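This is what each chain is made of:
Protein chains: 2
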Amino acid sequence: MNINIKKAQKKKSKPDHTILGFGKYFTDHMFTMEYTEQAGWINPQTIPFDDMAMSPSTTVFHYAQSVFEGLKAYINNQNEVVLFRPYQNARRFQKSCLRMAMPTIPEDDFVKAISTLVKIDKDWIPTQEGTSLYIRPFMIAKDEILGVHPSKTYQFIIILSPVGHYYPKGIKPISISINPIYSRSFFGGTGDVKCAANYSISLLAQKEAKEKGFDQVLWLGGKEHNIITEVGAMNMMFVINNEIITPKLDGTILAGVTRDSVITLLREWGYTVIERDMTVDELIHHLMNKSVQEAFGTGTAATISPVGMIEYKGTHYLISENIGVLSKRIYDTLNMIKLKTGSVHPDWVHLVK
Amino acid sequence: MNINIKKAQKKKSKPDHTILGFGKYFTDHMFTMEYTEQAGWINPQTIPFDDMAMSPSTTVFHYAQSVFEGLKAYINNQNEVVLFRPYQNARRFQKSCLRMAMPTIPEDDFVKAISTLVKIDKDWIPTQEGTSLYIRPFMIAKDEILGVHPSKTYQFIIILSPVGHYYPKGIKPISISINPIYSRSFFGGTGDVKCAANYSISLLAQKEAKEKGFDQVLWLGGKEHNIITEVGAMNMMFVINNEIITPKLDGTILAGVTRDSVITLLREWGYTVIERDMTVDELIHHLMNKSVQEAFGTGTAATISPVGMIEYKGTHYLISENIGVLSKRIYDTLNMIKLKTGSVHPDWVHLVK
Numbered sequence: 001m002n003i004n005i006k007k008a009q010k011k012k013s014k015p016d017h018t019i020l021g022f023g024k025y026f027t028d029h030m031f032t033m034e035y036t037e038q039a040g041w042i043n044p045q046t047i048p049f050d051d052m053a054m055s056p057s058t059t060v061f062h063y064a065q066s067v068f069e070g071l072k073a074y075i076n077n078q079n080e081v082v083l084f085r086p087y088q089n090a091r092r093f094q095k096s097c098l099r100m101a102m103p104t105i106p107e108d109d110f111v112k113a114i115s116t117l118v119k120i121d122k123d124w125i126p127t128q129e130g131t132s133l134y135i136r137p138f139m140i141a142k143d144e145i146l147g148v149h150p151s152k153t154y155q156f157i158i159i160l161s162p163v164g165h166y167y168p169k170g171i172k173p174i175s176i177s178i179n180p181i182y183s184r185s186f187f188g189g190t191g192d193v194k195c196a197a198n199y200s201i202s203l204l205a206q207k208e209a210k211e212k213g214f215d216q217v218l219w220l221g222g223k224e225h226n227i228i229t230e231v232g233a234m235n236m237m238f239v240i241n242n243e244i245i246t247p248k249l250d251g252t253i254l255a256g257v258t259r260d261s262v263i264t265l266l267r268e269w270g271y272t273v274i275e276r277d278m279t280v281d282e283l284i285h286h287l288m289n290k291s292v293q294e295a296f297g298t299g300t301a302a303t304i305s306p307v308g309m310i311e312y313k314g315t316h317y318l319i320s321e322n323i324g325v326l327s328k329r330i331y332d333t334l335n336m337i338k339l340k341t342g343s344v345h346p347d348w349v350h351l352v353k
Numbered sequence: 001m002n003i004n005i006k007k008a009q010k011k012k013s014k015p016d017h018t019i020l021g022f023g024k025y026f027t028d029h030m031f032t033m034e035y036t037e038q039a040g041w042i043n044p045q046t047i048p049f050d051d052m053a054m055s056p057s058t059t060v061f062h063y064a065q066s067v068f069e070g071l072k073a074y075i076n077n078q079n080e081v082v083l084f085r086p087y088q089n090a091r092r093f094q095k096s097c098l099r100m101a102m103p104t105i106p107e108d109d110f111v112k113a114i115s116t117l118v119k120i121d122k123d124w125i126p127t128q129e130g131t132s133l134y135i136r137p138f139m140i141a142k143d144e145i146l147g148v149h150p151s152k153t154y155q156f157i158i159i160l161s162p163v164g165h166y167y168p169k170g171i172k173p174i175s176i177s178i179n180p181i182y183s184r185s186f187f188g189g190t191g192d193v194k195c196a197a198n199y200s201i202s203l204l205a206q207k208e209a210k211e212k213g214f215d216q217v218l219w220l221g222g223k224e225h226n227i228i229t230e231v232g233a234m235n236m237m238f239v240i241n242n243e244i245i246t247p248k249l250d251g252t253i254l255a256g257v258t259r260d261s262v263i264t265l266l267r268e269w270g271y272t273v274i275e276r277d278m279t280v281d282e283l284i285h286h287l288m289n290k291s292v293q294e295a296f297g298t299g300t301a302a303t304i305s306p307v308g309m310i311e312y313k314g315t316h317y318l319i320s321e322n323i324g325v326l327s328k329r330i331y332d333t334l335n336m337i338k339l340k341t342g343s344v345h346p347d348w349v350h351l352v353k
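For the record, the sequence lines run as chains Z and C. Position 202 of the first sequence, counted from 1, bears residue number 202 in the working numbering, the numbering being contiguous throughout. Position 218 of the second sequence, counted from 1, bears residue number 218 in the working numbering, the numbering being contiguous throughout.
If you are wondering where the hints come from, they were derived from the structure by calculation, not from laboratory data. Keep in mind the model is a prediction, meaning the values are calculated, not measured. Do not rely on the hints blindly, as some may be mistaken.
BS3-like cross-link-like pairs, simulated, lysine-lysine; straight-line CA separation at most 30 Å [stated by the list, open to error]:
#, chain 1, residue 1, chain 2, residue 2
1, Z, Lys169, Z, Lys152
2, C, Lys12, Z, Lys142
3, Z, Lys152, C, Lys172
4, Z, Lys152, C, Lys223
5, Z, Lys14, C, Lys152
Please work from the sequences and hints to get the whole structure.
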């Protein structure tokens, strides 16, 4: 894949790192390429970040045929640009595309497109502790026809957003509400891929949880709607009796890259990590017994999100007001891996040359 | 709502009715209005049909926050423009919006926007038998932020497409394949609203069914994935022992306007219509016994789609090679209601003045 590079004539001013937040500001350039059935992927290029002209009849608006990924670029302590396990995202993106009847992109092209774009907008990578450059590759269906069938044309786009510290005032455990009614996914559905549809389905429950004062929704799944699954943007882990229990990949939850990394580290450290179904009744039992030592979410946005309180049917179960010892160790280790390249798991760090 | 009308300077040439197909051609104008939290719905207008400038960071691309409706305009035998039960669509659109955490549109405004646009592009309504003007109202999330939460800004758009006869060579029963693996929806999900997400989730199974030579997928639902639900774009009805059995509205299937109309007609004609769960085993039992007298789908696109053959796990069950007597009576009656306004159920016909 030869990427044509068109540089922006005018560069935007960069926002101060204190106001970055998440996904609000975008860099000077974007990557784009198009797909047709006849030609395959064509016109790979980086161009100035700009609006796109789209017909109101475009498939993505009507039938949500769209998939995406999320990963981050950092400046490490040797002043190099690094990505965290981008081939994991490349492979998951392929899986998502296949599930949504969309064309795939070769892993190397996926990582090359990201690397090329990140290099061009390298100056946008914030360097303050906890900040990073969020990378959003996504693919949308571009046919301008209302028939319900897979599109024949697609566009693959990458945009970049400098993001602030997820916990600007220090890590503070979040509260999550177990939703007894709504479902995010189900067996035979798309819960295990990163398609746009999954997120729209989750919005109402998220909104209702926020209105009640909770940070996130913990989704139930399983045939009887009683199995702990995930938190939409994060996988969940529970430290119970010194063992780590996390929902198994049953086809309804996303196989998080951070989840995989955390499980790997924990096992290397000698911990027992059990991937299995846990009913909400079992979790509540452990919460009532105070045997949940730590609970945390894993995901690209926050790396580790300690969970301080879980609500279920109106009852609040306090776990801790502070980040747990193990959560902190994982958080620090993953940051060290990204920023002090070579120390631990150098295989997880991809140097952008 | 006062709609500002901007007319197109140049009009497109209209395609011949024989090549129309479904949703391929669009009229000269579109309706659009925008929503912000502060101002509510603003700038209702009809403008020339054109591309829209959209940031690649727009919410709808990434999280599929999008809902739509589908209905048709006809020229009746008194040369008037009529819509079929548009307030049903207006109410379902509101339900869809609420489920997807989106703002609603008052029913009267919804119908007024449609009527205004259809009147402007009245010349585009084809008049050949079986043709119509398909109306596609839809709403998309317009925030330009990557955070996963309901958008604060939206756009409501209506586009119009002249569509050809669904059965250009006469009504021919379709074949449907019961999918034993994939799910389209589940309890607590969004299967009962018309959101873009539902359609993307269904595409792979549709594609695989087409590749095997079947026209459509019949989706299974229920906790045990063994309940007959719907055909993605159609509700299903089975005539068994002179009774009509149709899946009940259990929260996982769409409450079709055509479904409601057909049930009403059938009951008025003295038929027993039973809305209940039917397992795939029961359906197969009836198919093997040859006690399924007729099977048909109901939906806006084809009104009535007779089902001639059902496939399940490799076995083909033939129902009929021709449209059934009852299916034909319903099809003809619904067409009569639309085109000979006043004859039966004049309350179902909305005159565009």
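Hint-by-hint comparison with the structure:
A threshold of 30 Å between alpha carbons decides the hint, and for Lys169(Z) with Lys152(Z) the separation of about 47 Å lies outside it, so the pair is violated. At roughly 22 Å between alpha-carbon atoms, Lys12(C) and Lys142(Z) fall within 30 Å of each other, so this suggested pair holds. Proximity of Lys152(Z) to Lys172(C) is assessed by CA-CA distance (about 27 Å); at most 30 Å being required, the pair is judged to hold. Proposed proximity of Lys152(Z) and Lys223(C) is contradicted: the alpha carbons are some 34 Å apart, above 30 Å.
With a CA separation close to 24 Å, the supplied pair Lys14(Z) and Lys152(C) stays within the 30 Å bound.
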